[in-house]
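Residue strings, one per chain:
2 protein chains.
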Amino acid sequence: MINKIAVIGVGLIGGSIVRDCKKKWPKLECTGIDINPKNISKAVELGWVDKQGSINDLQNMDVVIISIPVNAIENELKDILDRISPNTLVMDTGSTKNAICKSVENHKNRHQFLAAHPIAGTEYSGPDAALEGLFIDKTMIVCEIEKTQFKLQNRAKEIFETLKCNVRYMTPLAHDKHIAYVSHLSHISSFMLGKTVMQEEESERDIFDLAGSGFESTVRLAKSSPAMWTAIFSQNKEHVIASLDRYVENLSRFRESIMNNDTTTMYKELESTNRIKNILEGIKNGE
Amino acid sequence: MINKIAVIGVGLIGGSIVRDCKKKWPKLECTGIDINPKNISKAVELGWVDKQGSINDLQNMDVVIISIPVNAIENELKDILDRISPNTLVMDTGSTKNAICKSVENHKNRHQFLAAHPIAGTEYSGPDAALEGLFIDKTMIVCEIEKTQFKLQNRAKEIFETLKCNVRYMTPLAHDKHIAYVSHLSHISSFMLGKTVMQEEESERDIFDLAGSGFESTVRLAKSSPAMWTAIFSQNKEHVIASLDRYVENLSRFRESIMNNDTTTMYKELESTNRIKNILEGIKNGE
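One line per chain: the protein sequences are A and B, in this order.
Residue numbers for the first sequence follow the working numbering, so the first one is 12 and each next one is one higher.
Residue numbers for the second sequence follow the working numbering, so the first one is 12 and each next one is one higher.
If you are wondering where the hints come from, they were derived from the structure by calculation, not from laboratory data.
A hint or two may mislead.
Note that identical chains are pooled: a pair holds if it fits in a single copy or bridges any two copies.
[As the list claims (entries may be wrong)] Within a straight-line C-alpha distance of at most 25 Å, the following computed PhoX-like cross-link-like pairs (lysine-lysine) qualify:
#	residue 1	residue 2
1	62	288
2	279	234
3	38	119
4	15	158
One chain only, chain A, in its complex shape (with noise of 0.2 Å):
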């Protein structure tokens, strides 16, 4: 049972889990912080933020939720860990792990800080992009469980069967590994690619008239927040650079068997990369 909860960024991740707990909770008081005050009054008439709070309301909360940008979320946490009862678990949802935990690793309340990344989302952001339901069969990924008291485990636990995610436990270090190559990588590939086409094409009307479903669906992505990503990258930067590398060495070989017309090497690449098939439906399933 979770009776004060405070949204710090208010936007469609933080309220996503509002709103699914709202439902579960229908007595749940959600406090919204945000640096924009015009997301709170859209949240607050959306229904899921109850009040607007700052920085100073911190105290009492059974729950506070941190899903602003990964680089504000380094700069804030040692405060708001400041700022809590002895009873409140603070929880982040950053896209990037190891710089956060390690910007808490020693402080005093560190066992009421647990670190989450739920691999759920759509390309939009704000409070209106909020969504019943957004977690249901994803992974929520959890880093240094052991770190966090077990009575906040417990809380924490609760919320997450709230949301029917699925929980998998990762180190930060390993986590920011792989999420570098499947979802970093996946971002800056589709901005990228945006960028050469509108580079390449001086009318975009061409560019709609000529472009089909496929370049929709690889560009998804380059509709994503400029402020978040920015933080993700730079925050990431290591295994994000580890992982472009890695592409642009595969881009340029499948560059040198189209230049030397090497069809079979070329046919080779693309039927073994096929089997991403399998890897796919798994995703749509949620399996």
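Given the structure of chain A, go ahead and fit chain B onto it with the hints provided.
Chain B alone, transformed into the frame defined by chain A:
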């Protein structure tokens, strides 16, 4: 009014054209020609091919649709034009246009050929991937229309009206250059992204636990047919390599910004690419 149609290459594109035509002209008889007899039986079973034929049956067709890999079109088109009656329209649907148009530029029956490329399709292939209404509001690129006889231009127009697609006229060279950017490059980026992730992740189970819908969207095209795409990349070599070089240049420049912790440049790059939203809205609305 079209009575007899032959489809060479019994798959997604040819099948989707025939399905719409049969809806409009219920007496239309479709002859299927394919090197793989299983495709014919499947299409007969699905009801859109009436009988199996061979290259010797092209006499007395009103229309011959060629929907096979582009290298095969380049190799076979002359022979097909040799075998038709004076009243037959031959139309290809290949994703490249320059090599195909060049291959028959001096053919005595060039005026019976129309070079087309529908910007539609899915990542699936084969006769059971064929869909009714696939081309509604989609673009149909037609090249060198002035080389096709008036009477046969009209017959093609009847088919395009049946498919409810929007016809755009281009030169073969302009087609190949633009399509390299908006379609061929997307496929390479997707295939190589899929490859990079599979190389890195030893366990496929881990990939689909960690990957979200963003990854799914960017690698969707890596499910596409290797034979079809090897032929396209190879035939449009010059423009595909140019687009790939621009793409890799953009990726490398973005890598430098990450390396230098230059978040201002990163933010600007991502933000200016967000404009892609408007273009995608256009694609989605088929506007």
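Status of the hints after comparison with the structure:
Taking CA atoms no more than 25 Å apart as the test, residue 62 paired with residue 288 passes in neither setting, with 46 Å inside one copy and 33 Å between copies. When the C-alpha separation of residue 279 and residue 234 is checked against a cutoff of 25 Å, the pair qualifies only between copies, where the shortest distance is 13 Å, while the shortest distance within a copy is 33 Å. For a Cα distance limit of 25 Å, the shortest separation of residue 38 from residue 119 qualifies neither inside one copy, at 32 Å, nor across copies, at 81 Å. Proximity of residue 15 and residue 158 under a CA criterion of 25 Å is satisfied intra-copy only: 23 Å inside one chain copy versus 74 Å between copies.
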